[in-house]
Amino acid sequence: MSTRLSAPRTGSDAPAGAAGSFRPSTSAPHVAAVDSDERTRDRVLNAVLEHGPVSAAELGDLLGFTPAAVRRHLDHLSRSGVIEVKRVARAGAGAGRPARRYVLSSQGQSSLGDDYLDIAGLALQRLGEIAGPDAVREFAVERFADMERRYAPEIDAAGPDITARAQALSAALSRDGFVASAASIEAKAPLPAALSSVQLCQGHCPIQQLATKFPVFCDVETELFSRLVGVDVRRLSTLARGGHVCTTHIPTGRPAAKGPDGPGHTTDSLGEVSNHLQERP
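Residue numbers for the sequence shown follow the working numbering, so the first one is 38 and each next one is one higher.
Calculated directly from the structure, the hints in this document are not laboratory data.
Do not take every clue at face value.
[To be verified] Label-pair ranges, simulated between beta-carbon atoms: (1) 169 <-> 76: 45 to 53 angstroms; (2) 290 <-> 73: 43 to 51 angstroms; (3) 170 <-> 229: 36 to 44 angstroms; (4) 224 <-> 170: 36 to 44 angstroms; (5) 159 <-> 208: 29 to 37 angstroms.
Bear in mind the structure is a predicted one, so any value in this text is a computation, not a measurement.
Glycine included, every Cβ here is placed at the ideal spot set by N, Cα and C.
Could you put together the complete structure from these sequences and hints?
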């Protein structure tokens, strides 16, 4: 930001020999510093959203910041209530002290876009009172039907490999703002290869507030994932039930189900219940 200049002082207001002189404003550098901090803080917040749970050191590596700079912004975001610390056991570290990992808080999640969710929740509550819980489920099914129509051709183009289909699903979800990722977990001997899987994670849920009150939205979404990838999946955690991400376990060690139109595509109705578990983290 360029330095803001004050208007020249003339006449009795100007000191002797200073006619036409100017003073640099002392506020401009401060404003520039505040703007820079806010932009950096937004970068840190977006990195926590995309990569959380993530450590301060990992954030520093991702963003190219010093540990001190990262912690300063993390402390500010924590005080603001948009992120929080999760204690995560270190892999292979035995009974040592859990590591500190940062994730978005419920407040942070809701701040990312929940316009009209309050009135939508009241409308669904009223719908359930008048027409019964099946009416709310039908609404959720209709809501996800468009997603299935849009995603199915893209995921079918990935072929019969379940890992590839899961990665295609992750890419489609990210494009729609779910901040998704797909991590392959290969089972190594002596474990059977059939235990290999993909962990599909979603860092943001645009309807988290609704799903908290109406978990049927999570149920219908899980059924949708199962049909799209072609195997029964399990929902391990959800943002709506207190998880730091929505995590779906997708087994890759067995072949995809084959419907009349290819892997993963079935003619079953959207309302058919799939075999999945949804547990608290």
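Structure-based check of all given hints:
no.	hint	in the structure
1	169 <-> 76: 45 to 53 angstroms	holds, 49 angstroms
2	290 <-> 73: 43 to 51 angstroms	holds, 49 angstroms
3	170 <-> 229: 36 to 44 angstroms	holds, 40 angstroms
4	224 <-> 170: 36 to 44 angstroms	holds, 39 angstroms
5	159 <-> 208: 29 to 37 angstroms	holds, 35 angstroms
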